[in-house]
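Student: As you go down the protein sequences, you meet chains A and B in turn.
With the first letter of the first sequence counted as 1, position 58 gets the number 57 in numbering that gives the first Met the number 0; the numbers rise by one all the way through.
With the first letter of the second sequence counted as 1, position 1 gets the number 0 in numbering that gives the first Met the number 0; the numbers rise by one all the way through.
Wrong hints could be hidden among the right ones.
Said to hold, decoys possible - Computed list of lysine to aspartate or glutamate pairs in EDC-like fashion (alpha-carbon distance at most 20 Å, straight line):
1. A:Lys146 with B:Asp37
2. B:Lys36 with A:Asp145
3. B:Lys52 with A:Glu123
4. A:Lys355 with A:Glu316
5. B:Lys52 with A:Asp162
6. A:Lys142 with B:Asp37
7. A:Lys374 with A:Asp363
8. A:Lys205 with A:Asp149
9. A:Lys166 with A:Asp247
Hints are computed from structural coordinates only; laboratory data are not their basis.
Because the structure is a prediction, the values reported are computed rather than measured.
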Amino acid sequence: MPNHTIEVNDVSKAFLIGLQESRKETLGAAIFSWVRSPVKNYNILKRLNTYNYSEESEDLFWALRNVSFKLGQGETLGIIGNNGAGKSTLLKIISRITNPTHGYVEVNGRVSSLLEVGTGFHSELTGRENVYLNGTILGMSRKEIDKKFDAIVDFSEVEKFIDTQVKKYSTGMRLRLAFSVAAFLEPDVMIIDEVLAVGDAPFRKKSLTKMIEVAKGGTSVILVSHNPLAVQQLCKNTILLTHGRITDFGATDEVMQRYLGGVTMDRTIQEWSLEEAPSSDDVKLIKAEVRPSSPGVPVIRPGDGFEFEFVFYFMFEEECDVTVTFHLNDEYENLVFIGSTALTNLKYIAGKGYFKTVCRIPPDLLNGGTFTVTKLFVLRNYSELIYEHNEILSFEITSDYAYEHGNNGRIDGLLKPKLDWEVKANVETEMML
Amino acid sequence: MNIRGSDMSISRRPTKFRIEPGRKWKLLDLKELAYYKDLLYFFVLRDFTVQFKQTVLGFLWAVINPVFQMVVFSVIFGKLAEISSDGIPYPIFSFAAILPFNYFSQSLTGASGSLVGSASLLTKVYFPRILIPITPVLSKLVDFAIAFVILIFMMLYYSISPTWNILFLPLLIIIMILSAMGMGMWLSSLAIQYRDVKFALSYITTLLMYTAPVVFPASLILEKFGNTAYLLYGIYPMVGVIEGFRAALLGFKPMPWELIAIGAVSSIILFVTGGSYFKRTERIFADVA
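Please take these sequences and the hints and turn them into a complete structure.
Tutor: This is the structure we're talking about:
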């Protein structure tokens, strides 16, 4: 047995992109270019086939540049990166769907790629027919499917409808059946793109568990996912792609920490000088920031306290009552809470000059997720709106596996409070009373 | 639980390969095709199962279509235009031609759109791309067989018994399939790169229909344009196939071996060039789909 199952060697891939054409100034020029367009179209279509590696042309887009790595027998590799980093292109090359423009990929072993759940499903066919069609598309033989058919149907939980046309299935049933077929492939290398991110939560969990099982069975796995949890549970090593190049490689936890650290703390602070600050008639906003309460912590976790700081500059001369209020929403546009100095039952009198507020959020309150300060406003004398700012901050509470070992990882729910429990076991009835 | 069984049947799949931009290709990787024969089977089954889904008449459409054409041709070309039919009753004369020609043109239509229609497969999973244009060419054989039953009934009705040349029918059918596959591979790989093919297709099939000896006998070409033209006419492989069908099934005239021989050669050329063009371009299908 060779010591690696996949070798990616200096792979680059270019795509031809459309360039904007110059606009025609005269009717004559427009007609001429219209008449000439078949020739031009033909040249463009023909070029789809004929560009080469050495070419440095304006209309070539390099989706991948000089990517190399090796994957050993039974190893698991995650590929992460922002949208458009070239992850899917790389998987397509390894899966033999598209050819690289330069370099080569060598594969030893049976490869199955799952770039989509239910490839080739036909809605007019029954579940049974689709299992066979989809299974053979993924590379199983008819005999193999015969043997595994019962297990596949059993796993999918759609036995009752297996002879019903798939177009009458619910989306969930369709997904479950499609995933089940894929789960019973027995390849040497499994290439998975995002498929774990479909379906409802129980199904996602079930499919992830199944994938982990497959990986433990000795199959090499390459996984592309935006779901850090899946990558962390499934993959030992991870590659970070940025604009088509490998910019980080190493143990998954380390790469993930560097990657998430890089993207989550992006819009957590906004600061202006007095001259440039956004302003109303009476108020300027100097600074808005959200940060972990304890300095040195790179990300906010559900167990961390964190704080908002808002600094204003007031331009009114006469002293008055001031209240500062903000709305915090989650990524599904739910209002999580309203934070307001008005709720403290204290009066804050202010005059001309800087005005700084810090609002501390206790630890063990919010669950993981992406949060946005959708509204920030200042009232004078509890009624007069003197300043308003929308969508000022956005930040993430990281509930990923890497940061929560021993804390059961992500659970559902908007809040993740630490609650006081009183638990007694094996007690007599009288003591309960 | 270990889900990796020790099933040896899975090891037949070619397992070592290199993916690179080069132009190395084989005309047909038979080992790989043998591995994917089950997929081809299910593709054909799918095409055929889906074809008449949610219709009232179902399989009858495979009958109605050629019968309708036969009636129209018999009235217009047989009765009104009085085109010669080599002394055969015009309805069965035209039906014996409609049968192979419809197979040919339906295969072309199916094959030429097949790659474009399978874009979602092409961009998601690997399997030999050649299966896609081959599938409609094979699934239309079922329609062909159904319509063939009608021909048998018509022969009974006209009390026409086939000649011994019916033994050569499989040869004609092979020529017919080879040309359909050859054209199918050409058109499908052109169509995915140049969508113009989709618009040109209806003209192409109409042209193919009127240039083939469907509504007239090939002997008319011999009569009007001479022997050289007649032999050149045979380059169009369906000429030999159609005239061969008439001779073998209906008698009335000897087998046109010269047309069949020329047609066989050109169908092989069509198949080989179509296959190699397909192979040469298939690596970009996913990029242009």
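Student: Each hint should be assessed against the structure and marked as holding or not.
Tutor: Comparing the hints with the structure gives:
no.: 1; hint: A:Lys146 with B:Asp37; verdict: holds, 15 Å
no.: 2; hint: B:Lys36 with A:Asp145; verdict: holds, 16 Å
no.: 3; hint: B:Lys52 with A:Glu123; verdict: holds, 7 Å
no.: 4; hint: A:Lys355 with A:Glu316; verdict: holds, 17 Å
no.: 5; hint: B:Lys52 with A:Asp162; verdict: holds, 15 Å
no.: 6; hint: A:Lys142 with B:Asp37; verdict: holds, 9 Å
no.: 7; hint: A:Lys374 with A:Asp363; verdict: violated, 24 Å
no.: 8; hint: A:Lys205 with A:Asp149; verdict: holds, 18 Å
no.: 9; hint: A:Lys166 with A:Asp247; verdict: violated, 44 Å
Comparing the model with each numbered hint stated earlier shows that hints 7 and 9 do not hold.
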